[in-house]
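Colleague: Just so you know, the sequences run in chain order L and H.
At position 347 of the first sequence the residue is numbered 347 (our numbering), and the sequence of numbers has no breaks.
At position 89 of the second sequence the residue is numbered 89 (our numbering), and the sequence of numbers has no breaks.
Simulated from the structure, these hints should not be mistaken for laboratory data.
A quick note: this is a predicted structure, and the numbers were derived from the prediction, not measured.
Quick reminder that beta carbons are idealized off the backbone N, C-alpha and C, glycines included.
Nothing false has been slipped in among the hints.
Covered stretches of chain L (chain H as the covering partner; in silico rule of three or more C-beta atoms under 8 Å from a C-beta of chain H): (1) 34-41; (2) 51-63; (3) 134-143; (4) 154-167; (5) 312-324.
Partial list, computed: chain L residues near chain H (C-beta under 10 Å): (6) Arg9; (7) Leu11; (8) His12; (9) Val13; (10) Ser117; (11) Thr175; (12) Gln179; (13) Ala289; (14) Ala339; (15) Asp342; (16) Asp356; (17) Arg363.
Protein chains: 2
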Amino acid sequence: MTDDWAGSRDLHVEVAARGRRRAGLERALRDAIRAGRLHAGERLPSTRALSRDLGVARGTVADAYGQLAAEGYLTTSQGAPTRVASTPAARQGRLAPAARPNEPRFDLRPGLPDVSSFPRRAWLRALRSALATAPDSALGISDPRGRPELRQALATYLGRARGVLADPAAIVVCTGYIQALGLVARALKTTGRPVIAMEDPCLELHRNIVESAGIEVLPLPVDEGGARPEVPDGAGAVVLTPAHQYPLGGTLAPERRTALVRWARETGGVLVEDDYDGEFRYDRQPVGALQGLDPARVVYAGTASKALVPGLRLAWLVLPADLIEPVVDVKRLADYHSAVLDQLVLADLIGSGGFDRHVRRMRNRYRARRDRLLAMLADRAPYGRPLGVAAGLHLVLELPDGAPSEAELVERGARRSVALGSLAAHWHGSGPRREGLVIGYGRPPEHAFGASLAALSDVVAVAEDRQP
Amino acid sequence: MTDDWAGSRDLHVEVAARGRRRAGLERALRDAIRAGRLHAGERLPSTRALSRDLGVARGTVADAYGQLAAEGYLTTSQGAPTRVASTPAARQGRLAPAARPNEPRFDLRPGLPDVSSFPRRAWLRALRSALATAPDSALGISDPRGRPELRQALATYLGRARGVLADPAAIVVCTGYIQALGLVARALKTTGRPVIAMEDPCLELHRNIVESAGIEVLPLPVDEGGARPEVPDGAGAVVLTPAHQYPLGGTLAPERRTALVRWARETGGVLVEDDYDGEFRYDRQPVGALQGLDPARVVYAGTASKALVPGLRLAWLVLPADLIEPVVDVKRLADYHSAVLDQLVLADLIGSGGFDRHVRRMRNRYRARRDRLLAMLADRAPYGRPLGVAAGLHLVLELPDGAPSEAELVERGARRSVALGSLAAHWHGSGPRREGLVIGYGRPPEHAFGASLAALSDVVAVAEDRQP
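The task is simple: from the sequences and hints, build the whole structure.
Modeller: Structure (structure tokens):
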């Protein structure tokens with residue numbers, strides 16, 4: 001058994017300075033185990049290491065360990081490390097196995113990509129490459145905007161792949177789009193824009209984030225051509241999903257893009273472009289970023305959550321010059337900057353072409369899933385109307401009058417362990433509310449997509465009895 | 001040259017639907033380069049891949065590439081990929097090399113550990129191990145509190161090494177202590193505590209974070225025994241650095257611990273324990289966490305910024321039961337949860353013993369640096385009084401009347417490219433302000449510590465002329 005001191009482990013025991021050392025050590029260990037601070041199975045330092053740490057004789061520690069083993073607090077055996085025994089107190093503080101009573105067998109809720117496709121090996125290779133070249137200073141405190149390696153890679157990538165005009169100095173790497181939206185909201189408030197229009201429907205969580213920044217949210221109606229460009233009076237900014245409206249799926253029409261940019265120029269307003277799934281476009285009609293039309297009036301927001309996985313919490317803002325400092329100021333107080341290693345890895349992956357390869361591979365997969373889903377829906381749910389099918393990882397099955405209601409289908413899905421989204425929680429204006437399922441076909445692992453589709457098919461076929 | 005379609009890269013070009021395809025493609029590429037969206041040196045897709053992406057004949061793409069090469073926008077050569085030429089417009093969007101005119105040669109400011117000691121190989125190994133076992137679901141959206149693997153590892157580690165009684169369910173992993181403090185501040189406000197006492201002196205950035213949550217900050221005086229336990233009227237919480245007061249370095253005296261816990265119990269107040277460098281204690285007198293005295297009244301905050309590096313932005317809160325939900329609510333709106341891969345790696349490192357090994361190795365190194373620094377100061381700056389030397393990565397050289405002023409020494413350091421901290425910006429109360437240098441001896445790389453010490457020696461020896 002190796003017993004290198006620096007190779008041992010820390011153990012915090014407060015041995016009273018007065019009285020017998022052995023008795024004091026025993027009492028301190030017993031108290032720590034009884035109080036639940038030392039957990040069952042936890043390995044203790046070797047007698048040699050602990051005696052050096054505490055400045056007591058090694059025999060004293062060995063005697064104390066022996067006494068506590070005799071009392072049942074510790075387990076010792078020749079040649080193996082001493083460990084905390086599994087008494088009831090020592091079992092406190094173990095995380096109970098996660099109860100997952102409601103985990104659906106088939107999860108077709110929107111919002112997640114196929115996380116099983118995360119390129120683990122490529123990520124590991126890119127970390128090795130990044131760690132081999134990163135300067136030590138990259139591990140210290142960085143620019144609040146994020147690592148220059150990633151901002152440079154993103155500027156080049158976004159220009160090439162999304163038509164974004166991005167100066168690396170104008171990019172702020174964020175801890176996911178949730179943080180990005182919150183930072184922009186606070187910066188808009190400090191620059192005199194306390195009212196923001198958001199698409200109706202849109203994600204409830206996003207409205208909550210903006211409102212928690214102390215901002216009033218007004219609804220902006222949406223139809224098949226994306227957001228209608230009638231910005232409500234008083235709004236100083238508009239949050240949009242131009243490439244693929246969330247959740248309805250429309251693409252912002254060219255004349256609406258022009259009209260919104262004109263509104264921003266005339267009023268000093270700001271357009272916030274949430275390009276959450278811009279990488280996944282399935283037809284040949286390119287839809288470039290709105291930002292390219294006027295980089296001085298559009299905040300562009302992109303994310304790795306769909307192209308890779310949301311667990312990375314990596315997103316980026318491309319900011320107009322006059323919003324860089326206000327956003328950096330709130331970023332500094334939020335978390336100073338985002339974690340650096342993932343940034344270095346993503347920069348490496350973009351530079352090596354690995355990111356493009358992954359996106360293009362996944363685009364082919366998701367396109368094939370969409371095609372199968374559309375074929376199934378045409379066959380089994382002819383009462384519904386699929387919306388937003390040209391892009392992204394989800395579609396809406398609109399449910400017109402006479403079709404089953406979204407609540408009915410969601411409930412029927414739940415009974416068969418098929419989880420589905422619906423439009424309900426997305427509305428926030430007083431206008432008419434359409435009914436529809438929101439189906440996230442990106443989410444199941446590739447091998448389980450067929451079974452998920454079959455299960456969904458049974459759910460939506462409910463209405464066959466009622467349709468002629 | 002391989003030309004696998006999925007292996008190519010995305011290029012966003014908007015080719016007008018009307019008119020000649022080749023002329024349209026040429027115009028779109030020329031516009032993208034002129035506008036600065038395509039950067040110098042950027043590789044274009046192969047003619048085959050782009051022709052498939054756009055749905056045009058391969059010859060059309062080849063002709064367009066050829067024409068633009070002739071015009072000087074692209075560079076082509078047999079067998080090599082086509083790239084964007086280095087025209088002035090295409091050089092836009094490159095990050096200017098970071099100007100570092102004021103980078104000191106010897107950086108002894110506090111706040112950073114020796115980032116060159118980051119165990120890159122161990123980290124890479126632990127990521128490999130974590131990626132080999134992590135379930136796919138770990139890469140999706142997690143519990144806002146963070147990955148259960150890390151919360152379990154931290155609960156066990158903090159109990160063993162810091163005397164913290166930690167239930168994994170009460171731990172919230174944060175994007176650095178900056179975020180942790182901001183989340184706690186907002187949660188304290190929503191639970192009816194709009195006034196918080198903070199040590200005087202303390203870090204100005206920390207006061208700014210608390211104030212930006214809409215909280216009033218009151219000063220709590222500090223002396224050699226740490227914070228004085230006279231909590232100002234109206235304060236609902238107190239932020240403390242009990243193990244090693246920042247910056248003065250005192251250890252919170254036992255009777256003050258008891259008095260502060262009594263205050264919290266009697267008033268329903270909360271103690272926030274910032275254990276920023278608790279791993280680095282150089283004598284045998286253990287200083288356990290204040291939290292162990294009353295886990296129901298103390299918020300414990302730890303961080304990987306000193307034990308590893310701040311670039312990780314990893315910190316953790318151990319919360320009283322009634323603050324878990326309020327903190328989780330603000331965490332969800334801040335960034336939903338912190339990035340998962342670093343969490344999985346740290347959990348692996350703690351479980352394997354690699355984290356303890358690193359901490360113990362660094363503790364030995366930092367202790368040796370402290371000893372050398374103290375010897376030098378005793379020799380060259382006998383006018384000063386070193387404070388807070390029992391722990392941590394910094395000490396204060398107090399400057400009594402008659403000694404050179406902190407401004408004088410900082411200025412003299414700057415002239416010799418030696419960066420030093422001072423107490424000045426840390427004060428926020430109206431009480432007497434002491435003068436002192438704050439010397440961060442943890443910061444230089446190991447190989448450069450001797451030279452840094454020699455340079456500092458020349459700076460502090462200024463006063464020799466003036467001292468008898």
